[in-house]
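> Chain by chain, the residues:
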Amino acid sequence: MIGNLGQKAAGWVVNVAIAMTALRTNLMRSILTTLGVMIGVFAVTLAVAVGSGAQVSVMQSINALGSNMALVFPQPDTGEGGRRSFDRGRLTMRDARAIEKQISGISDIAPQLRSNIQLVVAGRNASTNAIGATPGYGKVSNLVAESGRFITEADVRSAARVVVLGPTVARKLFGDFDPVGETIRINRAPFSVIGITESKGSSFGNDNDDIALMPISTMRQRFSGDTLAGPDDLQMLFVGFEDGVSLPQAKREMTRLLRERYRVRGKDINPFTIRTTEEFMKESAQVTGIFQIVLVAIASISLLVGGIGIMNIMLVSVTERTREIGLRMALGAKRSDIRNQFLVEAAVLCVIGGAMGLIFAIAAGTALTVYADFPVPIGVGVGIGAIIFSAFIGLLFGGYPAVRASRLSPIEALRSE
Amino acid sequence: MTKTRMNLPAGIHKIMALVETQDLVKNYELGGETVRAVDGVSLSIDRGEYVAIMGASGSGKSTFMNMIGCLDIPTSGDVRIDGIATSDRDGDALAELRNQKIGFVFQQFNLLARTTALDNVAVPLIYAGLGGDERRAKAQAKLQEMGLGDRLDHSPAKLSGGQQQRVAIARALVTEPVILLADEPTGALDSKTSEDIMQIFQTLNDQGITIIVVTHEAEIANHAKRRIEFRDGKVIEDIAVTKRRKVKP
Ligand SMILES: Nc1ncnc2c1ncn2[C@@H]1O[C@H](COP(=O)(O)OP(=O)(O)O)[C@@H](O)[C@H]1O
Ligand SMILES: [Mg+2]
Numbered sequence: 000m001i002g003n004l005g006q007k008a009a010g011w012v013v014n015v016a017i018a019m020t021a022l023r024t025n026l027m028r029s030i031l032t033t034l035g036v037m038i039g040v041f042a043v044t045l046a047v048a049v050g051s052g053a054q055v056s057v058m059q060s061i062n063a064l065g066s067n068m069a070l071v072f073p074q075p076d077t078g079e080g081g082r083r084s085f086d087r088g089r090l091t092m093r094d095a096r097a098i099e100k101q102i103s104g105i106s107d108i109a110p111q112l113r114s115n116i117q118l119v120v121a122g123r124n125a126s127t128n129a130i131g132a133t134p135g136y137g138k139v140s141n142l143v144a145e146s147g148r149f150i151t152e153a154d155v156r157s158a159a160r161v162v163v164l165g166p167t168v169a170r171k172l173f174g175d176f177d178p179v180g181e182t183i184r185i186n187r188a189p190f191s192v193i194g195i196t197e198s199k200g201s202s203f204g205n206d207n208d209d210i211a212l213m214p215i216s217t218m219r220q221r222f223s224g225d226t227l228a229g230p231d232d233l234q235m236l237f238v239g240f241e242d243g244v245s246l247p248q249a250k251r252e253m254t255r256l257l258r259e260r261y262r263v264r265g266k267d268i269n270p271f272t273i274r275t276t277e278e279f280m281k282e283s284a285q286v287t288g289i290f291q292i293v294l295v296a297i298a299s300i301s302l303l304v305g306g307i308g309i310m311n312i313m314l315v316s317v318t319e320r321t322r323e324i325g326l327r328m329a330l331g332a333k334r335s336d337i338r339n340q341f342l343v344e345a346a347v348l349c350v351i352g353g354a355m356g357l358i359f360a361i362a363a364g365t366a367l368t369v370y371a372d373f374p375v376p377i378g379v380g381v382g383i384g385a386i387i388f389s390a391f392i393g394l395l396f397g398g399y400p401a402v403r404a405s406r407l408s409p410i411e412a413l414r415s416e
Numbered sequence: 000m001t002k003t004r005m006n007l008p009a010g011i012h013k014i015m016a017l018v019e020t021q022d023l024v025k026n027y028e029l030g031g032e033t034v035r036a037v038d039g040v041s042l043s044i045d046r047g048e049y050v051a052i053m054g055a056s057g058s059g060k061s062t063f064m065n066m067i068g069c070l071d072i073p074t075s076g077d078v079r080i081d082g083i084a085t086s087d088r089d090g091d092a093l094a095e096l097r098n099q100k101i102g103f104v105f106q107q108f109n110l111l112a113r114t115t116a117l118d119n120v121a122v123p124l125i126y127a128g129l130g131g132d133e134r135r136a137k138a139q140a141k142l143q144e145m146g147l148g149d150r151l152d153h154s155p156a157k158l159s160g161g162q163q164q165r166v167a168i169a170r171a172l173v174t175e176p177v178i179l180l181a182d183e184p185t186g187a188l189d190s191k192t193s194e195d196i197m198q199i200f201q202t203l204n205d206q207g208i209t210i211i212v213v214t215h216e217a218e219i220a221n222h223a224k225r226r227i228e229f230r231d232g233k234v235i236e237d238i239a240v241t242k243r244r245k246v247k248p
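Protein chains in written order, with numbering that gives the first Met the number 0: chain A, 0 to 416; chain B, 0 to 248.
In case anyone wonders, no lab produced these hints; they're calculated from the structure. Among these hints, one or two may not hold up.
Covered stretches of chain B, as calculated for chain A (at least 3 residues, CB under 8 Å) [to be verified]: (1) 39-52; (2) 58-70; (3) 120-128.
DEER-style ranges, computed between Cβ atoms [unchecked claim]: (4) Lys-281/A to Gly-128/B: 53 to 61 Å; (5) His-215/B to Arg-322/A: 34 to 42 Å; (6) Ile-238/B to Ser-408/A: 33 to 41 Å; (7) Gly-160/B to Gly-378/A: 37 to 45 Å; (8) Arg-322/A to Val-240/B: 44 to 52 Å; (9) Thr-318/A to Gln-206/B: 35 to 43 Å; (10) Phe-391/A to Arg-230/B: 35 to 43 Å; (11) Glu-319/A to Ile-238/B: 43 to 51 Å; (12) Glu-95/B to Val-369/A: 54 to 62 Å.
No residue lacks a Cβ here, since even glycine has one placed at the ideal position from N, Cα and C.
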């Protein structure tokens, strides 16, 4: 049994040696054929990696929002269809307080207003999307001040003219200089910079650090008084939950509460929308999954072309070496010996191509990660998978030529020119 | 061999013949016409014989040879090698039989190009399932026997015709077969080199190897002990060679 296995292993070693000789004999042709597989494996590996990278990137950006939270915003939820009894979406500070009081498991809430603002200091200026926030915003979104401090209850109560800058905005206005304590003008009013937030990086080319925060009361007075329909209206509410709270359950309870408050009946459309981070994760996993499948499918076409190249060259090789096949049969080669010889030859071609494709994919992935700030993870699993898959391509497309070679009649093969 | 035969009952050697054919027929269909390449040949060749098969071109010599070498399948009739009937054997069993019992020498040498003499000779041992070291050792020994001990690493392109044919003979013998089948082995060689090859055959036959050689040259045929003449696929003469040519060593 062991001897038999040893013999089999030795047989494969011989086949690899025969294959290497044959491939070296037609070096240029082998290289060109390998190139086809190389490009195919490169494309597929990179597609798999870019797909996983997209997944990672989306998850990162959702996590950057805060891990366990719901977003409530005043936009009619058209999801279900049905009658619409509101001319516009509704969400007020009183709703936020009601949610905080009546829903269990809430860690913090972050009611917000949003407005585009213009910041100016000593001849430099920047424009950014500002958030009118409460201290809860920092807690719900895991955002802390890296230097200085965050917005406090006192700031909100007094509608203080203070601003917390994101690192990108701070850099635009002050360069490397720490601006905490400096005064800047926002839409011509003087504001005191009280803090700089910690960097949250970027996700999908979207800079999470290009923000400014001020007390919600300040923004209401100075920047959005006329654009809001009601004096108490909110543009966004983050509701942070404690760990272990069921988000679908919490969403149902919040929906019931707000429907009661706005007296929405039956199948009528809600004047608000609630989304949870869990939903975002599921949806984006679906989207990136489809994205990945499409990418890989497109890339597979090039691998298919590479495989057809292998089959073509192996057929040529079998035809050219018909006499050799006949000779080997005369000397005692069984059908399986001949078949394996050509299978191994195709597999060797493919594995070499696959290894090169993998190396190029790793190089391209690294370049993308470094220069385009897009994660392209090619793990050990993907690497081993690529090599095994290449060998499989070899067996698949080399199979027909190899079986054809093994079916030749010894004497006819030997007599061929 | 003769010793063995003496201890056996009379007539048994007929059953124990090394190569035996029974009404062997090979037809080719060519454009609706049937070519009877081999037409009912029954004969028996014993261990230790040295047989020359002669006949005009197209008389069926090669076709007959290929069938007793188990390379070609008869249209009808039977071939027995060393008592083994071949008609009911599948391709793999025939491959094993060729590997273990038969050595082939071809007119065109049929060596693998860009492959060293050593590796060429070792090919049959791959299919015998031997390991690399054993293959190399045996191949080297056979090449040395053929006087090519200093040409182990030469590829066929760097060898003369005679040397190439000697590599091919080493390859045919490396599995220690009982029969050597040679189809026009000197057809591509000059007369001097042909004599060298004939001397090798004579030595091998003296050592007990059964040799069957196809040729259309009387010179070559006269080295054998027995001559079989083919015409139109039939045996028309089967005689002992009276005035055997001996190559002086
Ligand atoms: N593969 C083949 N197809 C058709 N006819 C063949 C084939 N091989 C041999 N023949 C015919 O069979 C006859 C015997 O051929 P062959 O055995 O090669 O003769 P020899 O070796 O004596 O010259 C010839 O008429 C030849 O044309
Ligand atoms: Mg012939």
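> Which of the listed hints are broken here?
Numbers 1, 5, 7, 8, 10 - these are the hints that the structure violates, sorted from lowest upward.
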